[in-house]
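*Asks:* Since each chain sits alone in its own frame, please combine them into the complex, following the hints.
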Amino acid sequence: MKKTYPIEVDCANCAEKMETAAKNTAGIKDATVSFMTLKMKVEFDDGADPDAVMKDVLANCKKVEEDCEIFL
Amino acid sequence: MKKSQKKMLLRIISAAVITLILLITDRFIPAWYIKLLLYMIPYLITGYDVLKKAFHGIRNKQVFDENFLMTVATLGAIAVGISNALNGGDDDYLEAVAVMLLYQTGELFQSVAVGKSRKNISSLMDIRPDYANLEGEDKTVTKVDPDEVEIGSIIVVNPGEKIPLDGIIREGTSTLNTSALTGESIPVDVFEGYEVLSGTINLSGVLRIETTADFDGSTASKILELVENAASRKSKSEGFISKFARYYTPIVCICALALALLPPVFLALSGKDPMIFTWIYRACTFLVISCPCAVVISIPLSFFAGLGGASGCGILIKGSNFLETLSKVKYVVFDKTGTLTHGTFEVTALHHSPLAAEELFKYAAHIEGHSSHPIALSIKKAYKKEIDLNLVKDIKEISGKGIMGTVDGHAVAAGNAALMQELKIDYKDCHHTGTIIHMALDGSYAGHIVISDTIKAGSKDAITALKRAGIKKTIMLTGDSEKVAENVAKTVGIDEYHAALLPDEKVQNVEQILKTKAPGEALAFAGDGINDAPVLSISDIGIAMGALGSDAAIEAADVVLMDDDPKKIVKAIRISKKCLGIVHQNLIFSISVKVICLILGAVGIANMWIAILADVGVMILAVLNAIRALFVKNL
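Line order of the protein sequences matches chains A and B.
For the first sequence, position 57 (counting from the first letter as 1) is numbered 56 according to numbering that gives the first Met the number 0, and the numbering increases by one without interruption.
For the second sequence, position 59 (counting from the first letter as 1) is numbered 58 according to numbering that gives the first Met the number 0, and the numbering increases by one without interruption.
These aren't lab readings, by the way, just hints derived from the structure by calculation.
Among these hints, one or two may not hold up.
Across the chosen pairs, the derived CB separations fall in these ranges [what the hints assert, rightly or not]: (1) A:Lys22 with B:Asp215: 22 to 30 Å; (2) A:Gly46 with B:Arg127: 45 to 53 Å; (3) B:Tyr47 with A:Lys22: 26 to 34 Å; (4) B:Trp608 with A:Ala51: 49 to 57 Å; (5) B:Leu513 with A:Asp29: 47 to 55 Å; (6) A:Pro5 with B:Lys380: 44 to 52 Å; (7) A:Pro5 with B:Gln4: 15 to 23 Å; (8) B:Pro273 with A:Pro5: 52 to 60 Å.
Lysine-lysine pairs mimicking DSS-like chemistry, simulated, CA-CA at most 30 Å apart [to be verified]: (9) A:Lys62 with B:Lys221; (10) B:Lys235 with A:Lys61; (11) B:Lys221 with A:Lys28; (12) B:Lys118 with B:Lys5; (13) A:Lys62 with B:Lys51.
As the structure is a computational prediction, the values presented were derived from the model and not from experiment.
Here a beta-carbon is modelled for each residue, glycine too, at the ideal position from N, C-alpha and C.
Here chain B stands alone, though its shape is the one from the complex (with noise of 0.2 Å):
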């Protein structure tokens, strides 16, 4: 608790205190002035600064608010008692009293709670580095600021430590622990030359880095100014609230000045007892009633825990106002390279070889061992064992066929169809999709390898998932071939794909379905951020998957995930959907009560206990609701 929310506790318990005496010794205590006095003291030492709000808010021309609201009611039911007690009735100060002491418990419940989802939120998002060792030209470290270190500087990060700015390996490996970007536990193994982002924690070794980025420009710095304005950002419920109280409360106001002295007006005019006082007393009733605290707290809370939650996530949404649309989204289109598939090649299957996988491997591995082509790259990663490249002799390469020569003693041949019908070899054709790479070995078939870009892991499931968060419509945008899109499409159960796209047709499809769609209705783009800038900005929510390092995506999409897990969508919905419930339980809650209470009140039925003990009770359970909205992690 901070200093001010302890003197407030502090004030509540020793004017509860007070009034509970009070009420004990109540009956001894002589004259109605002194009564009066006495209640005054816990009253003032709760309510004062109620007090001087209310009165400073007047004398700035900005009346109403719920200090206003409390200080007339809390006033008038003071007048009551003391009107009843010149007419020799049964006076009571107590309601005044309660009423400050449990709207002040209420406030001070609010700040609190307040106070430990902000901080929950900032823990989740606990990336901001707090010093950088810096290396100097001798070689000595300093602990400096890491807004002081320049681009291409050295630092030096020891276990335990955040890498404080982005930065590329010069000197060390080490273990790096992702999980407060990405939301994912699973460790990184780094070593030298590999690209570090700030905001991971190094786990192991000690690691030299060389910086590539100032603070500012650092991954760490754009994620935090992200997450902040995102609060910024306000949606269309908080608008909703923030207008609401600007009217609510003068309207409530005046209604509570009709019911103050109309009714009696009438009664005298016909001829009965006005019973003034009575219709005071209500009119404070509702007033007290009238606070619209719960909603004007719970709404942005829910966002804020909202966004927070998602963010723990690794799931970075830029603003309440996307949050509220991705809850609507019922279209989902997707890119397909990079997004429902990896973006690199792999070798993905081996048919009709005589020899073992990893024999065959071997010579394809090392006939194309000094070629830096990806489908190259992606057999030295599937043979996975060092390439001795002393065993290579007689390399010749038929441009647009493939490559020949002799590894460890034998003749090997590893290219295209074409490759094999000049050599005269009798090979097998593949009916799978991707790239084949055909290998002769002495002379004779040796079967082919089959290399394509492999479909995520997640992908199927996404797609499922998406399905039963109620999305009606999937559709897979590439400019990749008919052939593979139809094979990604089928695997992964998309409902509607177009292939051989150019960029500027992508925007044409989805401009498409943003026509056909029903109002209402949000579609979400999702892809890998990189030139599909366009799509991404005129869909409803772009999403940029597995953007952490890129810059342009960050800063075209609307939600930001931060690795590439196409699963992470669904996720992304479910929060917003839980989210958004729980805005629209806690609008219908505290405004169906609210009103209720109100009529209660006017009619007589609910005195000021009911009314208080609603407001309060409203307010913190609309606000522990609005909390829920933070534990998403299981969604």
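This is chain A alone, in the form it adopts within the complex (with noise of 0.2 Å):
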């Protein structure tokens, strides 16, 4: 399942960060980070529950880029 979520970054830098950390996540299979549309696209491995994968997606890019934020 594929699904969009707009999100908020400041720097090119750090949206290829957040990137790497979505792909991380257990539950994504892939993900690609567009800093100049503001989307993250995520690709959830089969029977993953986007909400829940989310959540974690979201505290992994904290970690890396504090002030970014993922619109769920």
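*Replies:* Printed below as a string of structure tokens:
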């Protein structure tokens, strides 16, 4: 399953960090962050619960970039 | 400006004012530690979040980023100042404050510039409908979210409103502005039974529309999704940048550390003054210069602006990677029908007629009045006027030959050469390519009408412009006959053509060219997207033309031209070249300035002032240059 979330982040490098953090979260198959469109595109593993997984993604992103936000 | 940006601006201005006051009152400050404390005020006002992020990064094992670089560099500079003060020398904290100030100014500028171009680009693709006027069973109209409208509902679109969902007009006539979809500003007349697409703007009359798609299936949503996805398909250059940043910053930090430690050690070993603080200062300068911001932001920004600019012209490019490949195109392969030609039949000539053209078309259109064959339709279109079927009597179709009857009291026969032979009428042959309709009026020859697929007005210009844009070879593939193909190829000036091809032979032909082209050259295939999906997918770049409303074409192609003007192919290539040009300029410019400054900083010629000015200056120039990629309307 794929979903797209609007995000808020200040710099291109930070967006890159968010992408890596999201990719390394359990339950995520693949993720891309576009700094230009301020969107995070997420592909979930089969059977994963998007809401729960996205909470982890947000937590992981906050760890690498304090100022970021994902609008779930 | 956003709220956070305004706050940043306020911080920068107040810190700058405090710094200025400190500069003026500098010599009245009694002790070095008071001076240090006073200078710390503007330093912390501008830079507290940089320090915080740097420490946060260290805590989370994400050490090397620009916050870290700036923190180490400025703290280093302050440390050098303190040590100078303790040794009774001239202490200077201004540099650290200035570096932080300028760095934050650069960051603010970048964030405003990116926000601005983000806005510009989304306004170019402003096709997202906000609401739909849904008509209920009792004819009352309610404003609803387009998401809630089911297929087959009736919606009302008033003049000035955006059509929210695809559908068929059930009532009303109007003109539509399709420029948001096609980039062309010529209005389109629509009437009952006309299929309209979401994202176009209703200009004049009220329309009642029966929807044929839900919101997700509507053209506007599909195009928006395509445009938004484009930014997540990253180009090789962007991939290079993120790899570059990953290795670059740690390498620079190690170099800076070496610069701070090794020379003093060598100097001390050789019995000279180690000048330890001089080398620490140089290492800090080195760190400031090394900040990779300019490159990291300007490359994706250039691509984003290029993609946005292209979509504003009705050219949808599905990703930065395709924009990159497009700039390398050296071979362009065209499908004929629907790409270089209109794909519809039109009357192209009238020969040997003793009557006025209008007179002859009148008989021809009336005798074909009942037929819906494409040939008959094209004759009716050429006649332009209403057809009065009461004038037509005794229609007799002669299968495979033509049609006979009386029109307005005259015996009319229209058909091919065989019909004329059967009627023993002396006819004249035609040398034109296309379908020939011979006409006889009251038993004598009345000339012939030539009907053929017409070449698009822009085809010839497109081929000429492609040549000028550095395309090595243009090739046309068609399933049509040799004679027709030769005619089209000669008229538009195509280099090579292959006629009478079956669909799989088209694939083989393209594969052949793909095999022979040099590495680094790309092949683009342009077709109308109908039944050429296999060729679209094996080409380096598949371009679908006139794809408005054709899902299959939008799916299969890498570049989608919303209207069917072949000149748009040239435009797409020009946009890609401009964009990639900007990307390369920025890469070379910013990296070379950095390298020069790094060397100057290491040997002590460039101080921290030059370092930060080089960093911010390069970034501002690179961002401004990147935004240029947006302006492609007149390419």
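*Asks:* It remains to establish, for every hint, whether it holds in the given structure.
*Replies:* Against the structure, the hints come out as follows:
{"no.": "1", "hint": "A:Lys22 with B:Asp215: 22 to 30 Å", "in the structure": "27 Å, holds"}
{"no.": "2", "hint": "A:Gly46 with B:Arg127: 45 to 53 Å", "in the structure": "33 Å, violated"}
{"no.": "3", "hint": "B:Tyr47 with A:Lys22: 26 to 34 Å", "in the structure": "31 Å, holds"}
{"no.": "4", "hint": "B:Trp608 with A:Ala51: 49 to 57 Å", "in the structure": "51 Å, holds"}
{"no.": "5", "hint": "B:Leu513 with A:Asp29: 47 to 55 Å", "in the structure": "29 Å, violated"}
{"no.": "6", "hint": "A:Pro5 with B:Lys380: 44 to 52 Å", "in the structure": "49 Å, holds"}
{"no.": "7", "hint": "A:Pro5 with B:Gln4: 15 to 23 Å", "in the structure": "18 Å, holds"}
{"no.": "8", "hint": "B:Pro273 with A:Pro5: 52 to 60 Å", "in the structure": "54 Å, holds"}
{"no.": "9", "hint": "A:Lys62 with B:Lys221", "in the structure": "35 Å, violated"}
{"no.": "10", "hint": "B:Lys235 with A:Lys61", "in the structure": "28 Å, holds"}
{"no.": "11", "hint": "B:Lys221 with A:Lys28", "in the structure": "24 Å, holds"}
{"no.": "12", "hint": "B:Lys118 with B:Lys5", "in the structure": "17 Å, holds"}
{"no.": "13", "hint": "A:Lys62 with B:Lys51", "in the structure": "13 Å, holds"}
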